[in-house]
Amino acid sequence: DAEITQSPRHKITETGRQVTLACHQTWNHNNMFWYRQDLGHGLRLIHYSYGVQDTNKGEVSDGYSVSRSNTEDLPLTLESAASSQTSVYFCASSEGSGGRRWNEQFFGPGTRLTVL
Amino acid sequence: AQTVTQSQPEMSVQEAETVTLSCTYDTSENNYYLFWYKQPPSRQMILVIRQEAYKQQNATENRFSVNFQKAAKSFSLKISDSQLGDTAMYFCAFMREQGGSEKLVFGKGTKLTVNP
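Residue numbers (the numbering used here), protein chains in the order written: chain A, 1 to 116; chain B, 1001 to 1116.
Simulated from the structure, these hints should not be mistaken for laboratory data. Among these hints, one or two may not hold up.
Straight line, CA to CA, 25 Å or less: simulated SDA-like cross-link-like pairs of lysine to any residue [said to hold, decoys possible]:
| no. | chain 1 | residue 1 | chain 2 | residue 2 |
| --- | --- | --- | --- | --- |
| 1 | B | 1103 | A | 64 |
| 2 | A | 57 | B | 1005 |
| 3 | B | 1103 | A | 53 |
| 4 | A | 57 | A | 38 |
| 5 | B | 1103 | A | 109 |
| 6 | B | 1108 | A | 59 |
| 7 | B | 1108 | B | 1043 |
Okay, the calculated bits of chain B under chain A, using three or more residues with CB under 8 Å as the criterion [claimed, not checked]:
| no. | segment |
| --- | --- |
| 8 | 1043-1049 |
| 9 | 1106-1116 |
The beta-carbon is built from N, C-alpha and C at its ideal position, and this holds for glycine as well.
The task is simple: from the sequences and hints, build the whole structure.
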C-alpha cells in the first residue's frame, strides 16, 4: 500500500547542531508539505514543494530549509538547532492539480524533536 | 492572510450525547474549502469532513456533520452519538482554491474528551 513515512520518530539533539528529518511518500504525489505542531498554535506551515526542484517558504520558515531532488522525498533541515525548534513535525503530501479542484493532504506519523 | 479561530481549547461530552465544536475564519476569498481534522493520542492526522464554500448544503459523514454559515464565516462540527474513540484533538482548517496549491491554515485545536 502507498504511504507516507517519517524518520526518525523521535530525536533529541543539542543546540547548534544540524538536524535533518526525513519524509518519504510512495503515492507519487506532486505536492509535499512540512508543518510543525506546538501547544497553543495548532499546525503551522514551514516549507512546501509543488514538484521536483520546487521549494517555497511557509509561515514559519526561519531556521529551516528543504530540497526536492525527486518526487518521493522532501527532507527538512534545521541548519543550527535552537530550543525554540523543539516541536512535533509533520510531513504531508497531496496529488497536486490532476484536474481536481482540491486534493486531500495525507499526513505522516510525525517526528518529535527535542533540542536541549 | 487567512486566519482560523477555535475558541474552545477543551470540551467534554458524555458517551452517546451530541457535542458541537466551533470554528470561525477570516478570508476575503469567495471560493475555498474548510476541513475538520481529528488527531487522536496516536498523533495521526485524520480528515473527518470537508466543506466546499460554493456548496450551500452542509456536509455530513456518518455521525459527523457541519453547520457552514458562509456570511458569518462560521464552520462548526457536530458529533452525534459520541463514542469513546472520538476522544482526540480536533483541528479546523482552511484552504484557498488555487488549483492544486492546497496549503492548509489550521486553528489551534479543541481537545475533546468523551466520558463513559
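Honestly, which of those hints from before does the structure not fit?
Violated: none.
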